[in-house]
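Protein chains: 2
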Amino acid sequence: MSAEALYDVMSTQRAIRRLRSDPIPDDVLSRILTAATWAPSGGNQQPWRMIVVRDTMKKKALGDMYTTLWEKFAAMYRKRFEGLSAEEQAKEERTITAGDYLCAHFHEVPAVAIVCFNPKMMAVTDAKQDRISVVGGGSVYPAVQNLMLACRAEGVGCVLTTLLCQVEGDVKSLLSIPDDWYTCAAVPMGYPVGGGYGPIKRRGADELFFEDVWKQQISL
Amino acid sequence: MSAEALYDVMSTQRAIRRLRSDPIPDDVLSRILTAATWAPSGGNQQPWRMIVVRDTMKKKALGDMYTTLWEKFAAMYRKRFEGLSAEEQAKEERTITAGDYLCAHFHEVPAVAIVCFNPKMMAVTDAKQDRISVVGGGSVYPAVQNLMLACRAEGVGCVLTTLLCQVEGDVKSLLSIPDDWYTCAAVPMGYPVGGGYGPIKRRGADELFFEDVWKQQISL
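Sequences listed follow chains A and B, in order.
For the first sequence, our numbering begins at 1 and goes up steadily by one.
For the second sequence, our numbering begins at 1 and goes up steadily by one.
It is possible that part of the hints are untrue.
What the hints assert, rightly or not - Some but not every residue of chain A turned toward chain B, in silico, with C-beta under 10 Å:
1. R18
2. L29
3. T37
4. W48
5. F73
Stated by the list, open to error - Partner residues aside, some chain A positions facing chain B, computed with beta carbon under 8 Å:
6. M50
7. I51
8. V53
9. G136
10. S176
Calculated from the structure, these hints are not laboratory results.
From a predicted model like this one, the values you see are computed outputs, not experimental measurements.
Glycine included, each C-beta is placed from N, C-alpha and C at the ideal position.
Construct all of the structure, not just a fragment, from the sequences and the given hints.
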């Protein structure tokens, strides 16, 4: 078992929004889904399910909802980078163009995983804090990350999106999701148009990690 | 880049609660932290920071808080498996015994990552839904999962715990975490006592994945 192979996968895990319509072979998709099942969860409850949407009409319906939300989001997002340099603005515009591409081709993407969760199966330890809760996500997003790392390792493009949560009721109706289950992500999956995975831009460990107290630089 | 290597890592990612006090070499810890930085987040905001606690007095203080919460949790947890078979009860008791071990040795664990997040840096798309929110976790737990997969690949044991969120105010005081940052996990890391990583028990993909509509078996 090689740590280097893992780091190769992780360090090139780009968000891929331009996806081809070519099908994902069943054996490849099967390995990707199985990788998700291995993720840890609180009390090993695995309080998540994913609906892999491959039906074109259902993908069209999801894509229509997604497009409406994306257009509003993109307008807001553009305002956020008004002050940036021309170079940085161009980079952000490329992300928006890729999102536009995803909207236009949502129904052609071979598979869209709709991630569902059940709060009754979770011990949400921050539920009583006087701020937005996130801990339920700790039993779901590790599985989503496994799914996406497996996609990357198999050369299948994907991107984690959460906009559809804003119209959760409509998504639940479309896919017959029961009352006590909710949605927390949609992951479109397909082979990349163009280059696909590659270098990523992230803050370094020296910015993101401290030692013993807040803001104290870690000595490594 | 080999998908098999990734699957080897993921399929043996056990929760390891019995950790030795031996230090984690700086180069190993550095690679583990760097792996976390690569994870995707909404708008690439990386709205998380981690404090790696290595100071013994601070670990002792965290361990005391954790022990109080764990004892309450373990009592509740035991009630949950009263109806199970003797074999299953014995398995759950082993988990509790391992948790007791973690409590007794918390201050000796070489490093405890306290995961922090800032909701102001997140677009929480399910904030207005009439149920507990989880989407903020989508920009944090992928990094936590990267951290833990890197631990596994390096042979360093770890476990995702969230009990300390119940006493978030005390944790924030201890580590001087500012008002607008909160906590969502603690990950003790150290070399395993005994066997460490190995086979895991999870639901299969056929139980966790559906196709097109809820409960419809996926054909792969």
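Do the numbers back the hint for A:F73, that is, is its least Cβ distance to chain B under 10 Å? With Cβ-Cβ at 8 Å, under 10 Å, it holds.
At a threshold of 10 Å, is the proposed contact between A:T37 and chain B supported by beta-carbon distances? holds, 5 Å
Verify the interface restraint on A:W48: the C-beta must sit less than 10 Å from at least one C-beta of chain B. holds, 7 Å
Holds or violated: A:S176 as interface residue toward chain B, Cβ cutoff 8 Å? holds, 5 Å
Should the interface hint for A:G136 be scored as holding, given a Cβ-Cβ cut-off of 8 Å against chain B? holds, 4 Å
Chain B contact restraint for A:M50 - C-beta distance below 8 Å: holds, 5 Å
Cut-off 10 Å, beta-carbon criterion: hint that A:R18 touches chain B: Violated, about 16 Å.
Could you check if A:L29 really has its C-beta closer than 10 Å to a C-beta on chain B? holds, 6 Å
Interface hint for A:V53, Cβ within 8 Å of any Cβ on chain B: A:V53 check passes; min Cβ-Cβ to chain B is 6 Å, inside 8 Å.
Is the interface hint for A:I51 satisfied, with its Cβ closer than 8 Å to some Cβ of chain B? holds, 5 Å
Of the hints listed earlier, the one the structure fails to meet is number 1.
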